[in-house]
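Asks: For reference, the chains in residue letters:
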Amino acid sequence: MSTTISRSEAEDLLYEEADLLDRWQLEQWLALFTDDAAYLVPSTDLAPGTTPDNALFYIADDHTRLKERVIRLTKKTAHSEWPRSRTRHLVSNVRVGAADGDETPVTASFVTFRTKNGVTDTYMGRFLYRIRRTDAGLRIREKRCELDLDGLRPHGRVSILL
Amino acid sequence: MEREYDALFDRCWLYLGHESELAKPGDFVTRTVARRNILFTRDGKGQLHALFNTCPHRGSTVCREERGNAKVFQCFYHGWVFGCDGKLKSQPGEERYTQGHKESGVGNLTPVPHFDTHAGFCFVCFDADAPSLFDYLAGAKEILELIASHSDSGMTIVPGAQQYAIRANWKLLAENSVDGYHAVTTHATYLDYLKNMAGGLVPVPLSGRSFDLGNGHAVLEYKAPWGRPIAQWVPMFGEHGKHEMEAIYARLAARVGEEKAKRIATHNRNMIVFPNLVINDIMAITIRTFYPVAPGQMMVNGWALAPNEESEWARKYRLFNFLEFLGPGGFATPDDVEALESCQRGFANAGSASWSDISKGMGSAEPSYDDELQMRVFWTRWNQLVNGEERAR
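First to last, the sequence lines map onto chains A and B.
Residue 35 in the working numbering sits at position 35 of the first sequence; the count goes up by one each step and never skips.
Residue 51 in the working numbering sits at position 51 of the second sequence; the count goes up by one each step and never skips.
Keep in mind that the hints are not guaranteed to be accurate.
Unchecked claim - FRET-style restraints, in silico, Cβ to Cβ: (1) B/S132 to A/H63: 45 to 55 Å; (2) A/T115 to B/P203: 38 to 48 Å; (3) B/T266 to A/T77: 24 to 34 Å; (4) A/G49 to B/T380: 47 to 57 Å; (5) A/D19 to B/N308: 38 to 48 Å; (6) B/D129 to A/T107: 47 to 57 Å; (7) B/E66 to A/R7: 27 to 37 Å; (8) A/T115 to B/G105: 46 to 56 Å; (9) A/G97 to B/E94: 46 to 56 Å.
Because the hints were derived from the structure by calculation, they are not lab data.
We put the beta carbon where it would ideally sit given N, CA and C, even for glycine.
Hey, can you work out the whole structure from these sequences and the hints?
Replies: What follows is the structure in structure tokens.
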């Protein structure tokens, strides 16, 4: 199986992902991840490449906890996201790196808007993906969201999925 | 809010940082404390300094980095150079100043009126007439010491600060941080998550007490069913984790004795040090401070504190445990943020719906961890200082 991924293939995956998130189709979104996936949002004062094993992140989910995050977000008792906020995920500047074994790094710039209770918050930064080609199509092995912010201010939370 | 700055933040002892953040000579951090821009340094002799980060020449911010290591600090505006102790070392065009200008001290960075530490926790106070930190902390000293004694070799702040904001009055977070009553409903999804995880919980029912520590400080101490890196094992930590945690506990017991070790390991602690330092020793340890920037908005800083000597495994699980509950991306804190913002919106009706009720457990000889004694302790002190004649002591 070819490990090469074209930019348009990568863009299709990222646009599909953004659309599922904006429509709150979270179980379908989760299905885009491999069973050994990680979903990471580092704290904003950490250097690029820092691992969550010895540094405090905002989010460092393995697949099990990511699944639990999705389960949580589908409940009305996830108060921060019930009633649900409205989101719009914009993905741009998609670049595909050289394959490393069966994984290919893909980077993209993002802007995500979240609106709730009359307030719109903007999250922006860079996605760093590791993408794996499987029999079922391209799947996300890791998604790391590095925010270009001084902190989660004025947001106060990252309770949506970026 | 201005009355609160006058009566509280300009007078009380406030948390600046932890000594581990400045491990080596020359290490520094810059930090906003009660709207002041502070440069916190360790000089070449190992001495800590809390300095106003303002050039004594014309007022520019001297150090504009968040952290680092430096031999000197140079103000970029006119080029004055300061040592890590804040003393002026050189100034371009020095010959045009009156003789003795540099030696007189007028060119040094200004130290804060009071700086002191207790058990590794560093505090500042901007009131020259303030009581000592020792007296101010009252019963909170013992809890700080208890938390510091998690380690054989000293505690350390883990890299990475959770900096966030909440669109709510800062006092709501003071209440929420020591609120043992809200978990079952506000954090229903967190408790669901632990139940879903194979071995996320042990059969330890939530139970415990709250204590008035004096001077507006309060603590809850209680047992809970979740895992604690020091040292309440849950099956989710695995067999390897069991051995690690037995070893951690054995070392702890050998150092502090069985009784104290049991208290440290099996009891959770949520503490507020008046007015705005929270140290929660729960599924991990978090340190949190928060300041109002407007009546309906606060800035929050959160850190993770951990024993220096813990193994890679233990550090990883500690942080994993931290993030499942704590912080703006956790399974619980975002719902606290939502609750506080919801209260703030509710207070729009304060003219007609005027009360916030914190009477739970009032008059009880043994206030439970999920009563509201700790809020009454906080608010009583707040009322004495903001509305009364008394000054912070």
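Asks: Do the beta carbons of B/D129 and A/T107 sit within 47 to 57 Å of each other?
Replies: holds (56 Å)
Asks: Is the gap between the beta carbons of A/T115 and B/G105 within 46 to 56 Å?
Replies: holds (54 Å)
Asks: B/T266 and A/T77, beta-carbon distance inside 24 to 34 Å?
Replies: Once the Cβ atoms are compared, 28 Å apart, the range 24 to 34 Å for A/T77 and B/T266 holds.
Asks: Holds or violated: 27 to 37 Å for the Cβ distance of B/E66 and A/R7?
Replies: This hint holds: roughly 36 Å between Cβ atoms.
Asks: Is the distance from the Cβ of A/D19 to the Cβ of B/N308 consistent with 38 to 48 Å?
Replies: holds (47 Å)
Asks: With respect to the beta-carbon atoms only, verify the hint that A/G97 and B/E94 lie 46 to 56 Å apart.
Replies: For B/E94 against A/G97, whose Cβ atoms are near 53 Å apart, the range 46 to 56 Å holds.
Asks: May I ask you to test the hint 47 to 57 Å on the CB atoms belonging to A/G49 and B/T380?
Replies: holds (49 Å)
Asks: For the range 45 to 55 Å, tell me whether the beta carbons of B/S132 and A/H63 fit it or not.
Replies: The hinted range 45 to 55 Å holds for B/S132 and A/H63, with Cβ atoms some 52 Å apart.
Asks: That 38 to 48 Å hint for A/T115 and B/P203 (C-beta), does it hold up?
Replies: At 43 Å between Cβs, range holds.
Hint compliance for this structure: every hint is met.
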